[in-house]
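Participant: Those protein sequence lines, which keep their order, are chains X and Z.
In this text, residue positions in the first sequence follow the working numbering: the first is 26, and each later residue adds one.
In this text, residue positions in the second sequence follow the working numbering: the first is 2, and each later residue adds one.
Hints were generated in silico from the structure; no laboratory data involved.
Treat the hints loosely; a few may be bogus.
So the derived label-pair ranges between C-beta atoms look like this [what the hints assert, rightly or not]: (1) Z:253 <-> X:187: 36 to 42 Å; (2) X:80 <-> Z:253: 43 to 49 Å; (3) X:126 <-> Z:98: 24 to 30 Å; (4) Z:180 <-> X:179: 39 to 45 Å.
In this text, all values refer to a predicted model and were calculated from it rather than measured experimentally.
Note that beta-carbon positions come from the ideal geometry of N, C-alpha and C, so glycine has one too.
Chain by chain, the residues run as shown.
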Amino acid sequence: MKAMFLFAGVKWVRGCGMWAVEAEDLRKSYPKKIPLPFRRVEWVEAVRGISFRVRRGELFGLLGPNGAGKTTTIKMLTTLLEPSGGTARILGLDVRRNAREIRRRINLVAEGERTLYWRLSAYENLKYFARIYYVPKDEERERIERLLKLVGLWERRNDLVMNFSRGMKQRLAIAKALINDPEVLFLDEPTLGLDVQSAIFVREFIRRLVDEDGKTVLLTTHYMAEAERLCDRIAIIDHGKIIALDTPKGLKKLVREEETIEIRAKNIEPEKMSSSPFKMAVIERNPETGVLRLRAQVDEEELPKLVEWLVRRGVKVLSVERREPTLEDVFIKLTGRGLRD
Amino acid sequence: MAATELRALWGVAVKSWRIFLSYKLWFISDIALGFFFVGQALLIGIGLTGERNSEALQELTGYSDYVTFAVLGFMVLGFGLTFLSGFVWSVVDELYAGTLEYSFAAPMRRITFFLGNVLTRILLSFVYMAFYVPAFVLLFGLSFDPVAFSRAIPVLLLGTVGMIGMGMAAAGIVLYLRDPGPFISILEMLVFALSGAMYPVSILPRGLQYLARTLPYAPTTEAVRKVVAYGYGASTNEITYLLLVSLAYGLLGYLTYKWSEKQARVVGLKAY
Numbered sequence: 026m027k028a029m030f031l032f033a034g035v036k037w038v039r040g041c042g043m044w045a046v047e048a049e050d051l052r053k054s055y056p057k058k059i060p061l062p063f064r065r066v067e068w069v070e071a072v073r074g075i076s077f078r079v080r081r082g083e084l085f086g087l088l089g090p091n092g093a094g095k096t097t098t099i100k101m102l103t104t105l106l107e108p109s110g111g112t113a114r115i116l117g118l119d120v121r122r123n124a125r126e127i128r129r130r131i132n133l134v135a136e137g138e139r140t141l142y143w144r145l146s147a148y149e150n151l152k153y154f155a156r157i158y159y160v161p162k163d164e165e166r167e168r169i170e171r172l173l174k175l176v177g178l179w180e181r182r183n184d185l186v187m188n189f190s191r192g193m194k195q196r197l198a199i200a201k202a203l204i205n206d207p208e209v210l211f212l213d214e215p216t217l218g219l220d221v222q223s224a225i226f227v228r229e230f231i232r233r234l235v236d237e238d239g240k241t242v243l244l245t246t247h248y249m250a251e252a253e254r255l256c257d258r259i260a261i262i263d264h265g266k267i268i269a270l271d272t273p274k275g276l277k278k279l280v281r282e283e284e285t286i287e288i289r290a291k292n293i294e295p296e297k298m299s300s301s302p303f304k305m306a307v308i309e310r311n312p313e314t315g316v317l318r319l320r321a322q323v324d325e326e327e328l329p330k331l332v333e334w335l336v337r338r339g340v341k342v343l344s345v346e347r348r349e350p351t352l353e354d355v356f357i358k359l360t361g362r363g364l365r366d
Numbered sequence: 002m003a004a005t006e007l008r009a010l011w012g013v014a015v016k017s018w019r020i021f022l023s024y025k026l027w028f029i030s031d032i033a034l035g036f037f038f039v040g041q042a043l044l045i046g047i048g049l050t051g052e053r054n055s056e057a058l059q060e061l062t063g064y065s066d067y068v069t070f071a072v073l074g075f076m077v078l079g080f081g082l083t084f085l086s087g088f089v090w091s092v093v094d095e096l097y098a099g100t101l102e103y104s105f106a107a108p109m110r111r112i113t114f115f116l117g118n119v120l121t122r123i124l125l126s127f128v129y130m131a132f133y134v135p136a137f138v139l140l141f142g143l144s145f146d147p148v149a150f151s152r153a154i155p156v157l158l159l160g161t162v163g164m165i166g167m168g169m170a171a172a173g174i175v176l177y178l179r180d181p182g183p184f185i186s187i188l189e190m191l192v193f194a195l196s197g198a199m200y201p202v203s204i205l206p207r208g209l210q211y212l213a214r215t216l217p218y219a220p221t222t223e224a225v226r227k228v229v230a231y232g233y234g235a236s237t238n239e240i241t242y243l244l245l246v247s248l249a250y251g252l253l254g255y256l257t258y259k260w261s262e263k264q265a266r267v268v269g270l271k272a273y
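Full structure from sequences and hints, please.
Facilitator: Rendered as structure tokens:
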């Protein structure tokens with residue numbers, strides 16, 4: 026009896042701890058082919074032993090290029106995928122053993138726009154999700170109304186989702202993710218493909234969820250500016266591993282200001298750039314003018330060598346300037362390439 | 002807890018129903034296709050036997066009227082297929098629409114998701130029957146006795162256990178396949194061919210007869226027909242066999258689905 030109380034007490038303390046998300050040496054491998062009896066299958070490591078913790082009420086970002094393992098990590102944390110190794114706990118609950126209890130207390134916005142029922146109205150979509158998330162009957166109507174008003178879709182509640190813009194669909198997806206009043210919210214690339222206005226709305230909305238409602242948010246993104254402006258802390262992930270974890274300010278301290286160079290140039294052939302011995306990446310292309318913006322991590326001695334290297338390859342250098350480091354520079358410094366490479 | 006799960010079940014059923022109704026032409030084509038399919042099979046049967054009443058059929062099945070024999074078989078098969086299609090298409094439809102992940106990320110039990118979809122299809126199959134039966138009565142002079150048919154409902158429910166099991170096993174396999182479309186088409190054709198709906202299973206080659214009797218459809222059809230025609234007393238063997246097959250499929254379906262779901266979470270298939 027005493028042991029039972031002790032066990033229950035430990036469980037309660039875990040459930041009420043300061044960490045909303047805990048990952049320890051978390052791993053995930055996928056088979057290249059479907060494993061069948063007598064078939065040898067090669068496995069690919071998508072997540073290779075990542076560890077991090079997210080505090081309650083924190084907005085935590087996983088920043089990394091496509092294929093870095095961000096979505097796989099979210100799928101493991103939301104119990105959609107079984108980890109191949111390591112442990113993960115959400116609100117003190119183990120993702121392997123307490124999947125259903127975790128699902129009651131979290132929610133997610135998945136990547137892509139085809140995640141809602143396009144042939145149903147906004148209201149019908151939320152009603153469906155209210156039912157499958159066990160929202161009490163007497164709260165259902167009021168909650169759906171409040172959420173639709175919150176994301177500015179109340180006037181369009183009876184319209185089919187197929188007639189919504191990409192931004193409206195994403196706002197509805199966020200409303201869906203709040204239907205069970207989750208303690209932890211997982212957002213996978215929440216602004217991907219949105220127009221500028223919608224992206225601003227979504228970012229401000231997410232920030233308010235943390236600041237005003239005390240929600241814990243874990244989001245993935247490959248937009249550096251988004252991570253920098255939104256997140257309290259950021260883990261930079263590459264090839265399935267966390268290569269840096271700190272506040273945006275702390276991460277930028279990894280790069281000295283005097284090392285950060287921005288070059289505007291023309292006539293750049295990307296294949297010639299891949300053999301560069303310098304830590305450098307293209308961060309913007311203007312298709313109309315053909316002008317590219319490059320960021321490089323070089324000190325005073327290396328700078329002339331970099332310019333010479335570019336000129337020898339037929340690149341027309343238009344300007345060279347020192348700039349304040351960004352998270353992109355941190356990524357270039359840590360990996361030798363850009364987030365979009 | 003049970004109440005919340007029931008509300009979730011109803012939520013899934015209503016969602017499926019609304020989505021189905023949003024494709025108005027599907028509804029019309031489903032009814033038309035079913036009608037033409039059965040109508041044609043009936044005409045072929047009558048063409049081959051030469052007349053509606055066949056002595057050979059009477060000897061094999063106890064039914065001399067081919068139309069009554071086939072319509073009864075079709076009704077049982079139509080009901081039975083709702084479980085198979087309810088389970089497999091609920092995964093495939095949502096998979097193709099991209100919505101499966103959100104439904105599976107919810108705390109609702111997976112079986113609730115499947116049964117909600119099945120519920121809609123059962124309702125639809127009743128709606129279709131409401132069209133078919135009067136049409137067959139009018140066109141073929143079908144002698145449909147609702148009282149005799151309702152006598153066989155407990156047998157149909159017994160067969161339902163096996164058909165749900167079959168649906169769960171198929172859903173488990175579908176979760177594991179990269180492209181489930183061809184598998185489902187072959188399975189549905191196989192079930193139709195071996196169900197004994199349009200012809201007695203005993204006319205099939207011996208190997209196929211065994212196969213037909215290892216699936217839950219033909220034993221259900223045969224038991225229902227016998228109970229309707231002769232009552233429970235004369236159908237003990239058929240009902241006992243159906244009980245065994247149904248329990249076996251119920252268990253097999255549950256185990257296959259649990260294994261497949263676990264595997265899908267491990268290897269990351271579909272929307273997982």
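Participant: Given a hint of 43 to 49 Å, does the C-beta separation of residue 80 (chain X) and residue 253 (chain Z) actually sit inside it?
Facilitator: Hint holds: Cβ distance 47 Å, inside 43 to 49 Å.
Participant: With respect to the beta-carbon atoms only, verify the hint that residue 126 (chain X) and residue 98 (chain Z) lie 24 to 30 Å apart.
Facilitator: 28 Å, holds
Participant: If I claimed the Cβ atoms of residue 253 (chain Z) and residue 187 (chain X) lie 36 to 42 Å apart, would that claim hold in this structure?
Facilitator: 40 Å, holds
Participant: Holds or violated: the 39 to 45 Å window for the beta-carbon distance between residue 180 (chain Z) and residue 179 (chain X)?
Facilitator: Given about 41 Å between the Cβ atoms, the range holds.
When each numbered hint is compared with the structure, no violation occurs for any of them.
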